[in-house]
Amino acid sequence: MMTKRSALLAGLGGICLQGCVAAAAIPVIAGAGSIVRSGVSGDDEAQAPEGTVIVAQPPAQAPSSDVPETAASAPYLATSAPAEAADAPTTPVAAAPPPAEPAVLTPPPAQEPIAQTRAASPAISEVEAAAQEALASIRAAEAERVSGMAPVPSAAATTGAQSDSTYAAIRSYTLQTLAGGIPLPSAQLADPSSLEPVRRECAGDPPTIVIDLDPAGDLAPISGPIAVNTGLGRVLAEMRARGVTIAWVTNRGAMDARAIRDRLVASGLDPEARDVVYVERYPGESKQSRRDTLAQNHCIIAMAGDERSDFDDLYNYLRDESGAQSLEPMLGAGWFLIDNPVGQ
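Heads up: the sequence shown runs through residues 1 to 344, numbered per UniProt numbering.
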């Protein structure tokens with residue numbers, strides 16, 4: 001009984017051994033070159049069939065010919081291509097000749113740029129022309145001085161001299177009035193209808209100079225060119241520094257107030273836009289009404305304009321101004337006839 005059992009077990013062991021060796025041989029073949037050894041001990045190794053334990057080893061050249069060759073060739077191609085591209089620029093750099101054109105050019109003569117500059121710059125010719133004109137004037141004046149002939153003043157020069165003289169009279173009278181102390185003499189008539197040069201009385205109100213901006217029979221210009229009135233502007237600047245208020249009167253409406261202000265600034269008469277401008281507050285308002293309103297809290301010590309009605313509206317109702325001859329002493333003593341200060 002025991003003998004049959006032992007024989008059965010031995011047979012089963014051989015079958016199991018063959019199965020194990022076969023199982024071990026499968027990965028060897030699939031791995032293409034891997035050697036696996038199945039170990040058995042004792043008598044079992046001798047009883048195993050010969051075909052199941054011998055595995056043929058693949059040739060050693062197979063690994064280097066398949067995968068490694070492809071892998072090695074790829075990096076070689078990748079590195080060799082940039083090397084050729086890097087070597088490419090060396091050929092044109094070495095072959096490019098140095099530019100010879102600057103060496104061939106010759107500088108132009110020094111006289112040509114000067115001539116071109118003078119021809120292209122009208123400012124230089126204008127300056128030269130002005131210098132020549134000034135030189136000619138100096139020579140003419142010298143010749144007249146030597147010959148004893150005095151030059152005849154032009155109409156514009158005469159008008160300018162008269163204006164400067166009038167501005168000087170305004171300054172002189174104002175300084176004299178301020179030095180007289182309070183009460184200050186007013187430049188307004190106490191009773192215009194009497195045609196008598198009797199002045200109003202002023203309390204200790206701020207001294208004020210009123211200047212009319214409208215030319216005779218017209219309105220103050222608000223456009224067009226305007227000259228800087230340095231003579232009157234200088235006098236008014238001094239008066240402001242002495243505490244005198246400057247007021248301007250015009251029949252322009254409120255919509256033109258800004259334009260009037262800009263014109264005063266541009267002419268130098270009120271460069272800092274500090275003065276008061278009395279425009280027409282409603283249609284038909286008289287300038288006398290505005291002067292009277294100002295006189296309620298100011299002492300009008302001087303008035304300036306280009307016609308007598310700028311001093312009092314009574315002249316607008318006279319058929320003949322000679323009928324108010326009794327008021328002529330006011331001229332130069334509070335009333336001052338001047339050219340329109342903002343005229344063109």
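Since the hints were made in silico from the structure, they are not lab data.
Note that this is a predicted model, so its numbers are computed, not measured.
Misleading hints may appear alongside valid ones.
Claimed, not checked - Cβ pair distances, simulated, as ranges:
id	residue 1	residue 2	range
1	Q325	Q176	32 to 40 Å
2	D339	V276	17 to 25 Å
3	L195	V228	35 to 43 Å
4	R258	I182	32 to 40 Å
5	D339	E201	29 to 37 Å
6	E285	V265	31 to 39 Å
7	E321	A259	29 to 37 Å
8	D191	R274	27 to 35 Å
9	T230	S193	22 to 30 Å
For glycine and all other residues, C-beta sits at the position ideal for the given N, C-alpha and C.
Checklist entry - Among the hints numbered above, which are violated by the structure, and what are their numbers in rising order? => result 1, 6, 9
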